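Asker: So you can see what is in the structure, the chains are spelled out below.
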Amino acid sequence: NAGVTQTPKFRVLKTGQSMTLLCAQDMNHEYMYWYRQDPGMGLRLIHYSVGEGTTAKGEVPDGYNVSRLKKQNFLLGLESAAPSQTSVYFCASSYRVAANYGYTFGSGTRLTVV
Amino acid sequence: DQQVKQNSPSLSVQEGRISILNCDYTNSMFDYFLWYKKYPAEGPTFLISISSIKDKNEDGRFTVFLNKSAKHLSLHIVPSQPGDSAVYFCAASFTGNQFYFGTGTSLTVIP
Chain D
2 NAGVTQTPKF
12 RVLKTGQSMT
22 LLCAQDMNHE
32 YMYWYRQDPG
42 MGLRLIHYSV
52 GEGTTAKGEV
62 PDGYNVSRLK
72 KQNFLLGLES
82 AAPSQTSVYF
92 CASSYRVAAN
102 YGYTFGSGTR
112 LTVV
Chain H
25 DQQVKQNSPS
35 LSVQEGRISI
45 LNCDYTNSMF
55 DYFLWYKKYP
65 AEGPTFLISI
75 SSIKDKNEDG
85 RFTVFLNKSA
95 KHLSLHIVPS
105 QPGDSAVYFC
115 AASFTGNQFY
125 FGTGTSLTVI
135 P
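The listed protein sequences correspond, in order, to chains D and H. Per our numbering, the very first residue in the first sequence carries number 2; after that it's consecutive. Per our numbering, the very first residue in the second sequence carries number 25; after that it's consecutive.
No wet-lab data here; the hints were simulated from the structure. Note that the coordinates shown come from a computational prediction; the quantities given were computed from them, not determined experimentally. One should not assume that every hint holds.
What the hints assert, rightly or not - DSBU-like, lysine-lysine: derived pairs with alpha carbons at most 35 Å apart:
| hint | chain 1 | residue 1 | chain 2 | residue 2 |
| --- | --- | --- | --- | --- |
| 1 | H | 62 | D | 58 |
| 2 | D | 72 | H | 62 |
| 3 | H | 29 | D | 15 |
| 4 | D | 10 | D | 72 |
Said to hold, decoys possible - Pairwise CB distance ranges (calculated):
| hint | chain 1 | residue 1 | chain 2 | residue 2 | range |
| --- | --- | --- | --- | --- | --- |
| 5 | H | 77 | D | 71 | 32 to 38 Å |
| 6 | H | 39 | D | 83 | 41 to 47 Å |
| 7 | D | 98 | H | 39 | 34 to 40 Å |
We treat Cβ as the ideally placed atom computed from N, Cα and C, and that holds for glycine.
Could you build all of it, start to finish, from the sequences and the hints given here?
Answerer: Right under this line is the structure:
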C-alpha cells in the first residue's frame with residue numbers, strides 16, 4: 002500500500018523555469034491538497050481539490066496552478082519559478098471528512114529556486 | 025497572520041515522564057482540531073483529533089484536551105518514549121477539511 006507518492010523528491014530550478022510536481026494516491030480518497038512548509042511558518046495550503054475535475058484556492062495560491070484530471074492524481078505547476086517558491090511541498094489526501102482520520106501526507110518535495 | 029500558534033519551538037522531556045505540547049488559536053469559528061507528528065525527511069502523520077463538541081479525546085498514550093473558551097488545546101503523551109522524539113503540529117479547521125497548521129514544536133525525549 003503506497004499511500005501518497007510525490008514525484009520528484011528533490012529539484013533545483015532556475016528563476017523563470019517551469020515545472021510540475023506530481024502527487025498520486027491509491028486510497029481512493031476524494032479530497033487532495035497541496036501544502037508548502039517554510040521555516041517558522043508551519044504548513045500553508047496552496048490549492049486543494051474536492052473531487053476529480055475540481056480545484057480551489059487555499060491560503061497561498063499565487064504563482065501556482067493545479068489540475069486533477071484523474072481522481073488519484075493531483076498536479077501542482079509552477080509556470081515561472083521565483084526564489085520565494087523555495088520550500089518543501091507536501092501533498093495530502095483525505096476522505097470527505099478529514100476531521101475524523103486526518104490527512105495522509107506524502108514524504109515531500111524539496112524545491113530550491115536559484 | 026498566524027491563526028494557529030505553537031509558542032514553544034522545542035521541548036525536552038525525560039523518558040517515562042509526561043510531555044505536554046500546547047497550541048493556541050485565534051479564530052473562535054474553528055471546530056475541528058488535529059495533531060500530527062513529523063520525523064525528518066518524512067511527511068506528517070496523523071496522531072489524534074478532537075471536535076469542538078468534546079473537551080478530551082484519548083488514544084493510548086496520547087490525550088488531546090480542548091478549552092474552547094481559552095482557544096487552547098494541548099497534547100499529552102504519557103509515558104514519553106524516545107521514539108516520540110519528532111516535530112508535532114497542531115491544526116484547526118472550520119469545515120473539517122481545509123486545515124490551518126501551527127509552526128510546530130520539536131519534542132526530544134531523553135533516554
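Asker: Regarding the pair residue 62 (chain H) and residue 58 (chain D), is the alpha-carbon distance no greater than 35 Å?
Answerer: With Cα atoms ~25 Å apart, residue 62 (chain H) and residue 58 (chain D) stay inside 35 Å; holds.
Asker: For the hint 34 to 40 Å, verify it against the beta carbon of residue 98 (chain D) and that of residue 39 (chain H).
Answerer: holds, 36 Å
Asker: Can the suggested window of 41 to 47 Å be confirmed for the beta-carbon pair residue 39 (chain H) and residue 83 (chain D)?
Answerer: holds, 45 Å
Asker: Below or equal to 35 Å on CA atoms is what counts here, so check residue 10 (chain D) against residue 72 (chain D).
Answerer: Answer holds: residue 10 (chain D) to residue 72 (chain D) is near 22 Å, not above 35 Å.
Asker: Indicate whether the distance between the beta carbons of residue 77 (chain H) and residue 71 (chain D) respects the range 32 to 38 Å.
Answerer: Between residue 77 (chain H) and residue 71 (chain D), where Cβ atoms are some 36 Å apart, the hint holds.
Asker: Can the restraint linking residue 29 (chain H) and residue 15 (chain D) be considered satisfied, given a maximum Cα separation of 35 Å?
Answerer: holds, 34 Å
Asker: Given the hinted pair residue 72 (chain D) and residue 62 (chain H), is their Cα-Cα distance within 35 Å?
Answerer: Given pair residue 72 (chain D), residue 62 (chain H) holds - Cα atoms ~26 Å apart, limit 35 Å.
Comparing the model with each earlier hint shows no violations; every hint is respected.
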